[in-house]
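2 protein chains.
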Amino acid sequence: VSATRSHLESEIREQPDAIARVLDENGDRIAKFARARRAGGPGCVMVAARGSSDNAARYAQYLLGERLGLPVALAAPSLESLHRARAVPRGEGDLVIGISQSGRSPDVVGVLDAARDAGTPTVAITNDGDSPLARVADDVIELGVGVERAVAATKTYTASLAVLAVLVAELRADHGDRGEVQRIPSLIGQVVQSSFAAVDGLLECASASHVVAVARGYNLATAMEIALKIRELTATVAEGFSSADLLHGPIAAVTTGTLAVVVAARGKARASVLETADALRDRGAHSVVIGEGPSADLPLPLDVPEWLSPLVAVVPGQILAMRLAELAGRDIDAPAGLTKVTETY
Amino acid sequence: VSATRSHLESEIREQPDAIARVLDENGDRIAKFARARRAGGPGCVMVAARGSSDNAARYAQYLLGERLGLPVALAAPSLESLHRARAVPRGEGDLVIGISQSGRSPDVVGVLDAARDAGTPTVAITNDGDSPLARVADDVIELGVGVERAVAATKTYTASLAVLAVLVAELRADHGDRGEVQRIPSLIGQVVQSSFAAVDGLLECASASHVVAVARGYNLATAMEIALKIRELTATVAEGFSSADLLHGPIAAVTTGTLAVVVAARGKARASVLETADALRDRGAHSVVIGEGPSADLPLPLDVPEWLSPLVAVVPGQILAMRLAELAGRDIDAPAGLTKVTETY
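One line per chain: the protein sequences are A and B, in this order. Under the working numbering, think of the first position of the first sequence as 1, with each following residue one higher. Under the working numbering, think of the first position of the second sequence as 1, with each following residue one higher.
Rather than coming from a laboratory, the hints here were simulated on the basis of the structure. Each statement offered as a hint is correct.
Treat identical chains as interchangeable: a pair holds within one or across any two.
For lysine to any residue, the following SDA-like pairs were computed, each having C-alpha atoms within a straight-line distance of at most 25 Å: (1) K268 <-> L74; (2) K32 <-> A118; (3) K32 <-> P132; (4) K268 <-> R84; (5) K268 <-> D117; (6) K268 <-> R104; (7) K268 <-> P106; (8) K268 <-> E180; (9) K268 <-> D113; (10) K32 <-> R135; (11) K268 <-> G69; (12) K32 <-> D138; (13) K268 <-> D297; (14) K32 <-> G179.
It should be emphasised that the depicted structure is a prediction, and the values quoted were computed from it without experimental measurement.
The following block holds chain A by itself, in its conformation from the complex (with noise of 0.2 Å):
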């Protein structure tokens, strides 16, 4: 490890070990949780989260939605901290997750604090065990990937993605599924080998002006973590975007000032989220693409699962964004203006 190596670039390149460790020491704790939930019969989700948390929620509405047919609410920001609306679901197998890597967000605590009075389950997925979310949520998985010490979240974010995976394929008790999980912290070890590999070629887009990232189905919540990390590290104007709904109007405002990142990962969303990139660079956007194969600026292993994929495609983000923020002079570790945990009151 290089002495000058930024704390992001450490756990950047620590995701592998980080999310072998979460299988290894999270896989009994999740199958026996899934086994008494299991039972619970369908009911409705809500998860509670923030920043890049909220982007890992994202992941669980199609993670639930398409693996296990259920219908996920991701709880309105303020609602809680700033009406106690008491807002949760309260049926017969309905369950409450909060994600917070740092336990601490009042509006993820408040939501887990009104589905228990509720008698609701509720489920903690945190990197603190001893955290508020932690003491009022009924099961809690810890993370257990160690202290992240910059302040844009990266490992935990795939950790926080690897413990929803391992619950889903809990949840069908699928063997296939779960085969599948644990192949995940090689195709990340070989992302984040091609990704450090190919990046400095592609540094004439960073003079970018605005950033656009765009995806689809499983990866929307991909291209928004790429998008708020960017964001955070280098200050620039960053949005993800599902491409239908960027090609209904937003595109609009693209120009040949923007840097297009696109997720175009294996899957059904493929094809449409490839015909947005051509839409992008037809109105003079500079593009970068994430996708299976040598075509790919920034290549992904092959035959990554589609459910799978947003683990394995936020990496190549995570590490563009760092670099173009190296580029830019910006401090990698603290950027200006961010802090570790959303408070809301």
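Mind docking chain B on chain A? Use the hints.
The following block gives chain B in isolation, referenced to the frame of chain A:
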């Protein structure tokens, strides 16, 4: 009516009459629907929508959450159209609402279709009672505000919000709520007048290269809708934020080239939103405040109840967006690249 007045301006000015008609013509139908629903008990609500209607859905999330304690899931874009996930609520007392002025957004129709198959009651809020959305729904509430000729939605947006407000007043069977709803057309009439009178004094902000619209709680929907109008009509990068989220990180991208539209309506969110306005000004942003009282740049009528304020507070933003587009010499009624129906197949 001026022969050269745009459809957009006519439709903005029509809103007091249009909303009065919504209340007159839909009141009984909504009351009947609500009486049938009240017996069903509390459950989960899913709302499916796209574009401007998605901002109406966000209002529904706060409205049903704060007034009725109901958890509301906003349907994930593409989960039905891309993955055929059928991820809809299917418990006792659950409800699925589709909002689409055209009634032809395939994503929205797909969610209601899935709900019908699951046996979950559905209601469509649409401006076209013959649309695919109306045909698939168990109940239909037609806006009845006449054809919207401008591509950017204005009167169909406020009419959708009015339907939701009446629905909640009826579900609560609250006499006070019903009385407050009846004041909306007059309040919108006042704000149309005061906004047109004030807007031309604000047009130094026309040179902004970036717009953020901020609010919190109920008016998060308003901030997002104002940002969408400015983006659609002027092709400027315009983003809506919860003030809590903005302060946590994204504010780093705010500079002297940023126009900040601050929605500081009366109520619990006001103090926190005004604090954010200070932080935006500290970063050199040019701010336009929509708020109660004479100190606001675009004043709101006095004593608008917080739960109804999104119907009133969006109007100054519509008018600001229109004037900015006129100054930029844009096609007001059919902006380049904008389409009326979000097609996602």
